[in-house]
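Chains as they are written, first to last, in my numbering: chain A, 1293 to 1711; chain B, 7 to 486.
There may be inaccurate statements among the hints.
[What the hints assert, rightly or not] Under the rule of at most 30 Å between Cα atoms (straight-line distance), these lysine-lysine pairs were calculated in the DSSO-like manner:
| # | chain 1 | residue 1 | chain 2 | residue 2 |
| --- | --- | --- | --- | --- |
| 1 | A | Lys1679 | B | Lys98 |
| 2 | B | Lys225 | A | Lys1547 |
| 3 | A | Lys1565 | B | Lys484 |
| 4 | B | Lys98 | A | Lys1547 |
[Claimed, not checked] One-sided and incomplete, this derived list gives chain B residues near chain A with beta-carbon spacing under 10 Å:
| # | residue |
| --- | --- |
| 5 | Gly346 |
| 6 | Ala378 |
| 7 | Ala466 |
For the record, the hints were derived by calculation from the structure and aren't laboratory data. Here a beta-carbon is modelled for each residue, glycine too, at the ideal position from N, C-alpha and C.
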Amino acid sequence: MTELNAIDPQTMKEAKLPRQDWILLPLLSLLTLILLAAFSDFVAGWWFPSSEDGLARCFVKGDVTGNAPAIPNSVCSEKNAESPFLAEYRFNSCGYRAGMGCGRKPLGSYRIVVIGSSMAMGLYVPREMSFAALLPEELSKQTGRKIEVYNEARGGKFRGGQFPARDSPEHFDEVLAADPDAILWIVTPMDIENMSFEDPGPAVQAAVLRVPATGAQGSRLVVAWKKLRVAVANGSVLAKLRYRWEQSKSGLVLKHVLYENEGQDRYVRAYLKNEDDAGFLRTERSGKWQSLLETFQRYAANFEGQAKAAGVPFAAVLVPNRAQAAMISMGRWPAGYDPYRLDDEIRAIIVSHGGAYVDILPDFRNVPDPEQYYFPVDGHLDAGGHKMVAALLAKQLTGGAVPAFRVNAQPNVSLERGQ
Amino acid sequence: MNLDTASIQFVIFGCAAVVLSNLNSSRGWRSAVLFLASITYLGLLEHSLAAYLPLAAFLLLGYVGIVLIERGWSGHIAWSILAIVFVYIWLKKYTFLPHSILLRHPYFTLGLSYIFFRVLHLLIESGDRSENEHIGPGAYLLYNLNFTTLVSGPIQRYDEFARDQFASEPLPLGPRVVGLQLERIVRGFFKVNVLAMLLDMLHATALEQMSQPLPISLKLYAAFRLIIAYPFFLYANFSGYIDIVIALARLMRVRLPENFDRPFSASSFLDFWNRWHITLSTWLKTYVYNPLLLISMRTTSSPTIESYLAVFCFFVTFFLVGIWHGRTSEFVIFGMLQGGGVAINKLWQMALTNVISRKGYRGLANRPVYVAFGRGLTFSWFAFTMFWFWSSWRQIDRIFTALSAAQWLGVWLAIWLCATGVLAVWEWLRAVLLSISTAEGPVLSSRYMRVVFATALGLAAFAMTVLLSQPAPSIVYKAF
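Here chain B stands alone, though its shape is the one from the complex (with noise of 0.2 Å):
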């Protein structure tokens, strides 16, 4: 059925659960139909029971880690938590565990990542959480089986799902909200299809030639268009999955979390990770950098001492986020580049701190130039990280070796160079169009213009889908 991706089967799919939650409004219904289609989305995405009991008992474990704190156990919390870790790390098969002790059945794992944050949360959560707040089994599913966040996220926080969810006055559906849903539908669609698959296209390109016997310049060429290919493909790729989800949750009366705000504006790498999948910073920054930050402060009363603590937390906490992103060693790299790039993003901030004074950094941090060549640097070195996230050590192998040093660091500055001007223009150009207003507001973003802007879109995602007619391309994050 190809309904773990944005196929149109699973637009589809989601529109029919949306029209039957939206028949009664009253929160029993409204559940019903959407526990209805998370059972029926699993059901159709794997037909033997047996591949969802490891699933099944993860669950288990988590609720039961819930209740038990609920009722008081709360000294356990550590050692709930370090349970749902282990049992996490064993089902997803992390390579660094012996072959030995993991399970042989095939079974299924989708979502799992998802789940796993979801159910941390609640047993975080649970200990602050009133007697009245009490999560039953129904709920407890319903957030972590619900279809449109099950494979890819965003992670939504409990509290936010159960107000919309349950609320005895559902969100209002009007005719806007119902044409900008359908609009931000089209254009997820477009992203997915369409500009992700010609990315995709455009990389797999470069690869192959890069290990083709063809001149220096073309081989340079190929490298260029290597590295810039990749972050675009993930974010049209990724993002254009999030757009559909959310607007299908949106119908159905529930407002995911944002989770991306267009990452590469981003001037610094701080700022990227605010930008660029949202949710998971978002919760690995409540959950591992301020608590993390919060113990070692109080191990020291050095002021110099504590803001190196932040550098430190800023690096376990982005080096966790890269690790997390997969099983094998060339992740714990990726990692190391995250948590590396957050960290001396953080440093350079102190060190000019320091000499310029922080008014003189913030008038600094201001200037167009700065803010280009920032950005510039931010996309370049995130594209560079991408390497250790979607090839394999082979791969960077055979890569690396097709250029010689200078001739990489050629290429890197020439992105770093490109992606200056390039997105300068872009966010210049962005900024001219979206000053064009009238009374309602941008002239851009009006009703009108949607509407132009979706029907291209759409024609062009569905000129493309039956000209090739090919299943709809896997989503990259499915896998984690």
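Excised from the complex, chain A in its bound form (with noise of 0.2 Å):
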């Protein structure tokens, strides 16, 4: 704790700064920065390696849409910075990180098809880690039956795709015909979010097209001046350094140390502020989440029409996200939030529509920390999430909240498939 800058500035003698100063300094400080710059990105990647477009191998390239299915029968693996493993991903001939061939079930089993996005797909972890891959072994030990887990989860964006996707409801067919006996639809907030990229209204694509027109006029100084201006007129000089420091690697360490290291009330009261982010934990509904869940009552609607029509119990299950599972662990947040809001809106869609509602939030509450069974900077389960979440979805389905699984119920498959 010195405080170098004790010499009284005034006792100094203010003589002219040496001529050479004036380029050396500014040199010195940009030197500086340069070096820094490359020596804590230098740090971050041997203290975090990761491989980062592994993944992205498996999937149909120059897809800009995001949306690509997997290429079938595909393997490629991939270690995020804030895993510790490097994770496999193999498809099927189906394309799905199914952990078991394309088509029927074998007989006397019962098959779950769990649908979802890239929390689903175990993302980040390898696949025997994923709660895909946990839940039927806790199912079965339970209710006594021969219970099987397909996966037809897909990547998030840019990982194979958001889920539901605009052309999810023409998809499902390829959900019934794995054979399921039920569909498990694992929801996350960021799915909902996500769906705003799905119908982006007039406005939206009007701004989207609105490129400023710099033209060709005036030397190119002229131009780059135009293009600062407009730049600094939107505010998108400061959004672009922002993104660039957040996708360094550098930035993510940074990030990542301090989310892990921050204590739980900390943590949620900084996650509160980004009003972007904690929307869909606010008590009133702003305009954007009320669309979003109109949007999702539509997919969901679709989804459980076409699980009924074809007699296969649905049902759908939210899985928080780490600030949200915080929170509950908690038991205590701001005036104007409610962590069980959505909760409470997904299951009145759900169940509304015929399907059934597995509520796993309530038991956030009896785990102490959850936040640390998430990567703190992506936001994905960990391998301890996934664990922890199969036991809770293991209790919740064996406890009642789907018929089928309920512990000493009888195994007459064909009956409840009947219903």
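The task is to assemble the complex, starting from two chains supplied on their own in separate frames and drawing on the hints.
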């Protein structure tokens, strides 16, 4: 804790700065910046190694929508900087990380087909550690049946497409083709938020298309100045800087260390300050969130309608995000926020169309520091998180949330399917 | 706007005022800019005019008192002081006041404590002021509402303020001074937004762990971190803000007094208060300790009692330092621990002087081992007293019942020993680094090193604030 400026500037001679210093000092500052940035990125890369684009190799290249299916029978692996594992992604002949071949289920087994996005697919964790792999064992143990989970979940945005994507209802026949005895939809707040990409309104489309016309007139300097002026005016300079920084390895590592070490209370307070991310936790629904929930309702109605027509029980579960899980575990939150609000809304939507809702959120009250089971920056569940969700799901499923799994229920699959 | 903290908005606001102020060096222009900036600053902090009425009334009361005393009503100084003290306590809603007499509507009290010290200082000094030293209402408002000292001080004397602000030849502002002040702004910004933020995080995590069912070894470690993190946090938070305002004021050609002088280097608690929140302790020494000691000494002629009177006066002064910090009973204990610490320190010095003579004591006090252990003890005592500074009785109860008395003693001893070792190494390292010098002075404080240092801190602060995209942390001392 030194105070280098203990020397009173007033007592210093106000001599002129040597001429060379006017060049030397800014150069020294620039050199410091470059060296520090390079060094911190090097250290961050060494400390948190990753192979960023491994999974992308299993997907069709050049798809700008991010909804490309996985290449059938492809195998790739990827290590996220926050994960200790090099996760292998092995897609079957139908392009799913199902952990089993594509086709009908073995005789005598009860098959749950899981649909969802990257969280359900088990992004960044080995398949055998994902809840889709752990759940059948738990359920089989508790119900005494041979239960298997066929995972049709796709990766998140740019990892094989968000779910639901615009064409998901048309492709729901793929879910039914997997011969399900029940369908379990894993929903996350981010999945609902991603639905805003589904149907951009005219205003958004216009904004995207509105590229400032710089023209070819004038010198490059004038064009550059115009570009800079536009960028400063619409705030994109800072946004770009921030984006670059957040994408850098040192940014990720710094954020990871901070999030991992800050207390639950502080983390939640900080998270809620970001209105964009915390919108789903507000008690009052913004216009954006009302519209997102309407979109969700449309998809839910479609999926549940198709499942009902095929006579397959349909259930949905909301897996909370990191901050939401922390709030529930703490048992307190600021006025104007409610971590159960989205849970209630999704339940109402799912139940209104005849589906079952598996409510695992209240069980997070009994999990101390559940946020430690998520990758702090990325936000996906880590291996511990998948194990936790598998246990909570098994508890709720066998506790009566879905009649087919109720412990002591008779394994009369055909009857249940007919209902 | 988040202007009452060391935010980027505050720095930009301050820099805009600096640029405007330097467009013309005349004192009229500089005063007009400072006044305009201060009024704008207040306006941005609170939009309701009604909320300012109590503060305006307080300032008016102070000014009326000063004018009356200047006009020869010097017999009323004591009444004026009492009135100001009472109104201050009433406006700050001290918890011992009956609730029924307090104002109900919300009003602006930010910086009131610092205004209180400035107004009292003017009142006390106004009796000694000559006729041509009369303080006009403009100068009075400028001195009290100066945006650089409004929120958390430092508490500047009026004569020092007037000397720089109203000088016909303003303080010089060459590239070296500008460079030094810019570096200081960056350093202050880093202290508040990075260092204090990380230390606060460390403190909060340790506090959480104290109430969790953890193995005893982890609890002891949490208690250790809980105690050591807060003094460093408070130092970074407060001194960082002070760095920024001192630099901004200097760029507006006013020298503000220093508020910190490497406080954790102090080898005794008495020395500590010469280095921590210097302007507050100096104010109280000037207006409480000195008069109290003078009055007490007049009542006795015994030299033995006289020396104990000094101990008593120290206790009263630093007890007041403690209770000034807050309105609740926790701060009474905090005050007693500050006053007690200083008084025991003085008694220890007196006892040693009696036993080994004054010369012997001086020799002992200069021995590196004695200094190192004294430094460790000073830090650990101050850190321990901080419990009554940042927590409520409920929290204190929860924290203290988490460990047994023997375990707390063990933690405190460990902190003393660790602080002794770490601070000694730090002092040694600093001395070694500063000893590397050229003809122009130590390399560490050369302009080249300062540029490297400021760039690194600036980059870290920028990265952190952009990455976290959170409002700047609040300044603890603005609450007082």
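Hints and how they fare:
no.: 1; hint: Lys1679/A <-> Lys98/B; result: 53 Å, violated
no.: 2; hint: Lys225/B <-> Lys1547/A; result: 26 Å, holds
no.: 3; hint: Lys1565/A <-> Lys484/B; result: 22 Å, holds
no.: 4; hint: Lys98/B <-> Lys1547/A; result: 39 Å, violated
no.: 5; hint: Gly346; result: 25 Å, violated
no.: 6; hint: Ala378; result: 16 Å, violated
no.: 7; hint: Ala466; result: 8 Å, holds
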